[in-house]
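Visitor: Listed below are the residues making up each chain.
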Amino acid sequence: MTAGESPKSGKRRLEGAELATAWFVTARAMAVAAIADPSWSLDEVRGKALDASRHSGAGLYAQAVLGLAEQDCIMGKSPERIGRMTLVDCLATARGMPEDQAEKIMTGAMMMAFAQRQLTPLAARFASMLASAFELTPAQFESCCLSGRVLADMTVRQK
Amino acid sequence: MTEPPNNFSFLDPVDPRLSRLAGQAESYVHTDPESCLFKLRLMVETMASTLIRLSIQQPGPLDLGAMLGTLERQGVLPRHYADHMHAIRRDGNAAVHGDAAPSSTALRRLRDAFALARWYFTQLRRGSRMPDAAFSPPLRDVAASGASSDAAEALEDRIETQRTRTRDALLLYKDAEEAAAWSVRCFGELRALEDIAAAVGEPLVDAESVALVMALELEQLLEHPVYGKGSRDARRDAADQLEAVKRRLDEQEARFRSERERLIGELRP
Chain A
1 MTAGESPKSG KRRLEGAELA TAWFVTARAM AVAAIADPSW SLDEVRGKAL DASRHSGAGL
61 YAQAVLGLAE QDCIMGKSPE RIGRMTLVDC LATARGMPED QAEKIMTGAM MMAFAQRQLT
121 PLAARFASML ASAFELTPAQ FESCCLSGRV LADMTVRQK
Chain B
1001 MTEPPNNFSF LDPVDPRLSR LAGQAESYVH TDPESCLFKL RLMVETMAST LIRLSIQQPG
1061 PLDLGAMLGT LERQGVLPRH YADHMHAIRR DGNAAVHGDA APSSTALRRL RDAFALARWY
1121 FTQLRRGSRM PDAAFSPPLR DVAASGASSD AAEALEDRIE TQRTRTRDAL LLYKDAEEAA
1181 AWSVRCFGEL RALEDIAAAV GEPLVDAESV ALVMALELEQ LLEHPVYGKG SRDARRDAAD
1241 QLEAVKRRLD EQEARFRSER ERLIGELRP
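Order-wise, the sequence lines are chains A and B. Heads up: the first sequence is residues 1 to 159, going by my numbering. Heads up: the second sequence is residues 1001 to 1269, going by my numbering.
It should be emphasised that the hints constitute simulated quantities derived from the structure, not laboratory data. These numbers come from a predicted model, not from an experiment. Hints should not be assumed to be uniformly reliable.
[As the list claims (entries may be wrong)] Under the rule of at most 35 Å between Cα atoms (straight-line distance), these lysine-lysine pairs were calculated in the DSBU-like manner:
1) A:Lys104 to B:Lys1174
2) A:Lys11 to B:Lys1174
3) B:Lys1229 to A:Lys11
4) A:Lys48 to A:Lys104
5) B:Lys1174 to B:Lys1246
6) A:Lys48 to B:Lys1246
7) B:Lys1174 to A:Lys48
8) B:Lys1246 to A:Lys11
9) A:Lys11 to A:Lys104
10) B:Lys1229 to B:Lys1246
11) B:Lys1246 to A:Lys104
12) B:Lys1229 to A:Lys104
[Said to hold, decoys possible] Ranges between beta-carbon positions, derived for each pair:
13) B:Lys1174 to A:Asp89: 19 to 27 Å
14) A:Arg84 to B:Ala1151: 37 to 45 Å
15) B:Pro1225 to A:Gln140: 18 to 26 Å
16) B:Arg1262 to A:Ala139: 24 to 32 Å
17) A:Gly10 to B:Val1096: 25 to 33 Å
18) B:Arg1129 to A:Gln140: 17 to 25 Å
19) A:Ser41 to B:Met1130: 42 to 50 Å
20) B:Arg1255 to A:Asp43: 44 to 52 Å
21) B:Val1096 to A:Asp43: 33 to 41 Å
22) A:Arg84 to B:Arg1262: 23 to 31 Å
23) A:Ala139 to B:Leu1124: 16 to 24 Å
24) A:Gly67 to B:Pro1078: 24 to 32 Å
25) A:Ser41 to B:Ala1198: 32 to 40 Å
26) A:Ser39 to B:Asp1240: 40 to 48 Å
[As the list claims (entries may be wrong)] A few chain B residues facing chain A, derived, Cβ under 10 Å:
27) Met1130
28) Ala1133
29) Arg1262
30) Ile1264
A virtual CB, placed ideally from N, CA and C, is assigned to each residue, including glycine.
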């Protein structure tokens, strides 16, 4: 059993680069979900520039809220790590996270979703899947939405 | 009195003020690096306020950092050039506050300013090609020794490497190519998940309350009878957490400044 493992809950706390990978995959997926329409072609998605605010908001969140170090963020985004994690892997990882960590990732995901104050169908779906993987109650999800909305204003929309 | 021709004279037809500022910066690079950095900062500030005026067509923020943030968010300022502008802003600020800088710092920022000036030219002269001009480093006085210059260059290399790491750690993607590749990949996976979830009747989040949270202005949210307390708590926590990151980044820049000061002290006869 590793240091972050809880025998009671079967949940495992992610640390360092492992947490960074899970966060950045979630953030990247939500950044795409928040701007894309399911009817788009791949070329339309490719051509849609990601707005600069989401670019730095994700890293700021990683360091400020998730407490990740610069080195963790860089390692977590290295192609060898992040390139291997699909969204299904990400959701499976989410399922194993302890509650407080899950709430932080969910909040960050909603911060990314709220950057342009619109919830696309894909963003709503991805948020639902994450919330379900994290086994969040409606009240917990609502709290994540609130914090995400506040953070979006502080880090993504106005920075 | 006319200024001598400089690396930036191609800016004359676009904005003579910028050309003059850059020319002055260039003339100070070895003799008075702090003044060079101050002039470059002024040049960047002039560029940023012009770009804000032209692209947003409404009064922008007064602070240079905020102006650059606005230009980046609006997609006016590509990241590569934003990095140059931020480097000039940081080193220019340090110079304004009396921190000493070696000429190698000034020369690097002058190179950054040159790249910026070429890009800026194409922004103001839509349809024009980037000027062909190549940067020609201002000649150094023979009094500057090779050894001292090597030490200063090594320090600047280290600072640049660390600043790049800091930036890479913060950004979602390394570059536009990675962003495009990931967007396509994520989109494909999201669409597949959407199809599966819809087919099995997976419930969606309460979109109504999410929409309400999203629709409210932050001030309304903070005063909301139901959401107010949670929002205020979240804002207070986030403000502390963001402040801690900002403090760490400021401390890093302060370390760079003190290393430059120490180096200058060591090199001074």
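Visitor: Which of the numbered hints are not met once you compare them with the structure shown?
Guide: 16, 17, 18, 19, 21, 22, 23, 25, 27, 28, 29, 30
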